[in-house]
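Student: Sequence:
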Amino acid sequence: MSNTNKRYNEEFKKQIVKLINSGKNINEVVKEYNIARPTVNKWVKDYSSSGSFKLNKKMIYTNENACSKIANDL
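Residue numbers (UniProt numbering): 1 to 74.
The reader is advised that the hints may include incorrect statements.
Derived pair list, reagent style PhoX-like, types lysine-lysine, alpha-carbon separation capped at 20 Å [stated by the list, open to error]:
(1) 13 - 24
(2) 18 - 54
(3) 45 - 18
(4) 6 - 42
(5) 31 - 18
(6) 54 - 6
(7) 18 - 42
(8) 54 - 42
(9) 54 - 31
(10) 54 - 24
(11) 14 - 24
(12) 31 - 42
(13) 54 - 13
(14) 45 - 14
(15) 24 - 42
(16) 13 - 42
(17) 13 - 31
(18) 14 - 31
(19) 54 - 14
(20) 6 - 31
(21) 45 - 13
Restraint ranges, calculated between C-beta atoms of paired labels, are given here [said to hold, decoys possible]:
(22) 54 - 28: 14 to 20 Å
(23) 53 - 22: 17 to 23 Å
(24) 31 - 54: 23 to 29 Å
(25) 15 - 38: 23 to 29 Å
(26) 54 - 6: 15 to 21 Å
(27) 14 - 38: 14 to 20 Å
(28) 25 - 54: 25 to 31 Å
(29) 37 - 14: 24 to 30 Å
(30) 54 - 18: 26 to 32 Å
(31) 54 - 27: 14 to 20 Å
(32) 22 - 49: 14 to 20 Å
Hints were generated in silico from the structure; no laboratory data involved. C-beta: ideal position from N, C-alpha, C; glycine also.
Starting from the given sequences, assemble the full structure and let the hints guide the process.
Tutor: Shown next, in the form of structure tokens:
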């Protein structure tokens, strides 16, 4: 079964991060909840660094600038 295009709410993500941070083995978590390991790694990293799963404003700004540059080049 593919994990493509699954969406998880913020509360679910927090629960998964808490499981990992409390010492539960990541391999057990990804298997039990059928979540891709890179997805869980990203949630842990994002939540640990910012306390949130939201996009970084700097990243959004950079992407907007890139889109504007592409539009101008066309």
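Student: Does the structure break any of the earlier hints, and which numbers would those be?
Tutor: Checked against the structure, the hints that fail are numbers 9, 10, 22, 25, 29, 30 and 31, while the rest are satisfied.
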